[in-house]
Each structure stands twice: as structure tokens, then as C-alpha cells.
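Listed below, chain by chain, are the residues.
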Amino acid sequence: MIFNDYRNKAVLITGGTAGIGLATGLAFARHGARVYLTHRWASADEQAIKSRFEDEGCPEPVILEADASSREDTLNLIREIRKSHASIEAFISNVSFGHISKSPRDLDRRSLLISLKYSTWPILDYLKTIKAEMGKYPRYAVAMSSKGPDSYHFGYDFIAASKIALEILCRQLTAALIHEDIRINALAPNPVFTQSFEATFGPDFKPYLETQLGQYGRWYIILPEEVARAALALCGGGMDAMKGQVLKLDRGCCFSESLYRIYAFNTGKCD
Amino acid sequence: MASREEIWNVIHKHLVDTVENLDGQEIDTSKSIMDLGANSLDIVEIVSCSIRELKIKVPRNELNNLKNIDELIDLLHKVSNASG
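From first to last, the protein sequence lines stand for chains L and D. Going by the numbering used here, the residue at position 97 of the first sequence is 97; the numbering climbs one at a time, nothing skipped. Going by the numbering used here, the residue at position 73 of the second sequence is 344; the numbering climbs one at a time, nothing skipped.
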């Protein structure tokens, strides 16, 4: 249930033209929000995205190219939004990009810094820019983290490091901005099948997971729409006392997943 | 609109800035960026910075299929001419 009225309010989502970002954009737009979806490298089929919004009777989204790691792009983006909106109601820091290593030998300082630049820095840069250009922070900010900080994933070293830095920033900023009208939280979903998932883990991992996890996979994998609904709920007014939290979207799997559990589940030894 | 040579100069600059030990070396443009020692993150940086400097937009799906630096130069040249 959404308590806030999002009609004609601005919602900014980085990496908003696919996967979790697009699902989140649709979730807010269904409540009347004017969503600003950013992308990079002309990666979006703008007409197809606009048609999806139109089909659902949503306000047309504004699709803008902006590199989340670029100071200049961020400034231009916020100034563009300011032409139509005095403030941003919700900011979803979704975009993430990092180095996937093949062995500890290719973990280098430069790749770590680039991973941080794309996956950690944007939330701080966007919030600071929004405040500087609009005079106030968004009422809500949601950072998209992942399962990475809590468990080992091969090759995921720098992305996990970027995500945990992102989570810590959310907490630190919450404490630092205690007197401001802003609620910053992070969502940490289990793996979500998106283009980004395939780019990170390769094209063969999804079918492998589906085969190896069997029925359990249905519970392990989270849908983009589920993440979107959680983001909307955090920004919906019913959870305004919640600040600086990292919420896991894992159906409780972080506690219960074990090889024996998966075996027992898939062989009918447990319900 | 930029000439093919100007486009190569832009890509070359970002290649040298990004990949270690390329400065002063002659670069064989029939090789891929990865052949020169770049990782996937480096490639994104090189291509992204080049596109930004050239002030052009290149669809991602066209970038995905490039086999070597020559093809990257050709693509950016084509897009630059089309937008110029």
C-alpha cells in the first residue's frame, strides 16, 4: 500500500531503462509519478520503453542519457529535471558496474577505483548535486546493493567491495543527514535475472542455476518486479521511520540455504 | 564530423591513458583492445571516454560485435559522419 501521492512528482532512477531500474520506473509510474530513467551509450530502445508505460496507462517517462560516474552528466541531468520539477521525491541509485576478475592476479587498484566510481560514488554525487541544485534532498533514496557483501561469489570481489561501501555510505549519510527530510535505505536482493546478471556472470550461469537448483531455484531467484515493489514500499510513506537500513530480498534464503537443504528440497525429502 | 585519423587519435589517447605500458608503443589496430592487455572494465572506459570526447551516440548493440580496433574506428567514424 502506498500512502504518498506520487502524481506529477519526479522520481529519478539511474540505469532505469532495463531490468530492476525499468521495473522500478514502472512501479512508480503506475502511481502517477513522472519518472526520469537514465541510461548510457544509447542502450535504450526509447520507443519500446515509452510504449510499455503507455500500455499501462502511466505518464510518459523521460529517458535521458547520463553516465552515473560523470560529474558533468549528473549536473546536466539534475538541471534538466529542475526545468520541470522543483524537487525530486525519490531517487533510486540503481546503476552498477564493476570489474569481474578471473583470478586474484587481475585484481588491480585501477579496476577497484573504477568499480567504486560506477557503483558507489553515484549515490553521494547525485544526492549532493540534487541538494546543491534544488535546495533540498529527495525525500527518499534507495540504493541497490546485492548479495555480494554477505557471501562469496567467484570474480565478484570488486563489485562486492563497491556494494558494501555503498551500504556503509547509506548508513553514514543517514546519520549525517538526521535533520534533513530524507530517508536513505538499501535493498540487497538475491540474484535477479537481468541483462546485468548475464553481463556479470556470463550467459551460461542462468541455465546452469535453473538446472542445478531445480525447484529451489524458484525461491532463490528474485524477480525485478519484486525489487521494484520493495523500492516503492520504502518510498511509499508507510515506512518513513526506517532509515539507514539494508534490507535483504532473499525469501529467507540467507539463513536456510545449504547444499543439504537444496538436495532435500529437490528430492522430496522435505516439504 | 571527425576524420578517421582524428577518431583514431582520440581512441589512442584513451587507450594509452587506460592500459599500462602502451605509451610510446606502436599499436596494431588489427588487434582487439583486450589483446593489448585491457580487461572488460578498461574497454568500457576507453570506448565511453572516446564516445564522450567525440560527442556522438553509439547504440550498445553495435559496440558488442566489434572484433578489433579497426572496426571500432570504422564504427565511430560512421556514426560521426552520420551525426555531423
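Among these hints, one or two may not hold up.
Stated by the list, open to error - Heads up, simulated DSSO-like pairs for lysine-lysine below, C-alpha to C-alpha not over 27 Å straight-line:
(1) L:102 / D:338
(2) L:102 / D:326
(3) L:83 / D:338
(4) L:83 / L:9
(5) D:302 / L:50
(6) L:102 / D:349
(7) D:349 / D:284
(8) D:284 / D:326
(9) L:117 / D:349
(10) L:131 / L:243
(11) D:349 / D:328
(12) D:328 / L:102
(13) L:50 / D:328
(14) D:349 / D:326
(15) D:349 / D:338
(16) L:83 / L:131
(17) L:206 / D:326
(18) L:83 / D:328
To be verified - Here are a few chain D residues that sit away from chain L, every Cβ distance over 10 Å (derived from the structure):
(19) 306
(20) 310
(21) 311
(22) 313
(23) 315
(24) 316
(25) 318
(26) 319
(27) 322
(28) 328
(29) 330
(30) 342
Hints listed in this document are in silico derivations from the structure and should not be mistaken for laboratory results. What you are looking at is a predicted structure, and each value in this text was computed from that prediction instead of being measured. Ideal placement from N, C-alpha and C gives every residue a C-beta, glycine not left out.
Cross-check of the supplied hints:
1. Of the pairs offered as hints, the one joining residue 102 of chain L and residue 338 of chain D holds, with about 21 Å between alpha carbons and a cut-off of 27 Å not exceeded.
2. A C-alpha spacing of about 33 Å is found between residue 102 of chain L and residue 326 of chain D, which places the hinted pair above 27 Å, so the restraint is violated.
3. Distance check on the hinted pair: residue 83 of chain L and residue 338 of chain D sit about 42 Å apart at the alpha-carbon level, beyond 27 Å; violated.
4. In summary, the hint linking residue 83 of chain L to residue 9 of chain L is supported, as the alpha carbons are separated by about 13 Å, within the 27 Å threshold.
5. Of the supplied pair hints, the one linking residue 302 of chain D and residue 50 of chain L is violated, its CA atoms being roughly 39 Å apart against a limit of 27 Å.
6. With a CA separation close to 34 Å, the supplied pair residue 102 of chain L and residue 349 of chain D exceeds the 27 Å bound.
7. Between residue 349 of chain D and residue 284 of chain D the CA atoms are separated by roughly 20 Å; this keeps the pair inside 27 Å, and the hint holds.
8. This hinted pair checks out: residue 284 of chain D and residue 326 of chain D have alpha carbons roughly 16 Å apart, not beyond 27 Å.
9. This hinted pair does not check out: residue 117 of chain L and residue 349 of chain D have alpha carbons roughly 30 Å apart, beyond 27 Å.
10. Restraint check: the Cα-Cα separation between residue 131 of chain L and residue 243 of chain L comes to about 18 Å, which is no more than 27 Å; the hinted pair holds.
11. Restraint check: the Cα-Cα separation between residue 349 of chain D and residue 328 of chain D comes to about 11 Å, which is no more than 27 Å; the hinted pair holds.
12. A C-alpha spacing of about 31 Å is found between residue 328 of chain D and residue 102 of chain L, which places the hinted pair above 27 Å, so the restraint is violated.
13. Under the criterion of a C-alpha separation no larger than 27 Å, the hint pairing residue 50 of chain L with residue 328 of chain D is consistent with the structure, at around 20 Å.
14. Pair hint residue 349 of chain D plus residue 326 of chain D holds up; C-alpha atoms about 13 Å apart against a cutoff of 27 Å.
15. The hinted pair formed by residue 349 of chain D and residue 338 of chain D meets the criterion: a straight-line CA distance of about 16 Å does not exceed 27 Å.
16. Proximity of residue 83 of chain L to residue 131 of chain L is assessed by CA-CA distance (about 15 Å); at most 27 Å being required, the pair is judged to hold.
17. Distance hint between residue 206 of chain L and residue 326 of chain D is unfulfilled; the C-alpha atoms sit about 36 Å from each other, more than 27 Å.
18. This hinted pair checks out: residue 83 of chain L and residue 328 of chain D have alpha carbons roughly 24 Å apart, not beyond 27 Å.
19. With a cut of 10 Å on Cβ distances, residue 306 of chain D stays outside the contact zone with chain L, its closest approach being about 15 Å.
20. At the 10 Å boundary, the C-beta of residue 310 of chain D falls inside the reach of chain L, the nearest C-beta of that chain being 6 Å off.
21. Some Cβ of chain L comes within 10 Å of the Cβ of residue 311 of chain D; the nearest lies about 7 Å off, and the non-interface call is violated.
22. A beta-carbon of chain L is positioned within 10 Å of the beta-carbon of residue 313 of chain D; the least distance is around 8 Å.
23. For residue 315 of chain D, the shortest C-beta to C-beta distance to chain L comes to about 7 Å, within the 10 Å cut-off, and the non-interface label is violated.
24. Not every CB of chain L lies more than 10 Å from the CB of residue 316 of chain D, the least distance being 6 Å, so the non-interface label is violated.
25. Separation of residue 318 of chain D from chain L is inadequate, the least Cβ-Cβ distance of about 8 Å not exceeding the 10 Å criterion.
26. The claim that residue 319 of chain D is not at the interface with chain L is violated, since a C-beta of that chain comes within 10 Å of its own (minimum 7 Å).
27. Taking the minimum C-beta to C-beta distance to chain L, about 7 Å, the non-interface status of residue 322 of chain D is violated against the 10 Å cut.
28. For residue 328 of chain D, the condition that its CB be more than 10 Å from all CB atoms of chain L is violated, with the nearest at approximately 4 Å.
29. With a least CB separation of 5 Å from chain L, residue 330 of chain D falls inside the 10 Å interface cut-off, contrary to its annotation.
30. Even its closest Cβ contact with chain L, about 16 Å, leaves residue 342 of chain D beyond 10 Å, as expected for a residue assigned away from the interface.
The structure shown violates the earlier hints numbered 2, 3, 5, 6, 9, 12, 17, 20, 21, 22, 23, 24, 25, 26, 27, 28 and 29.
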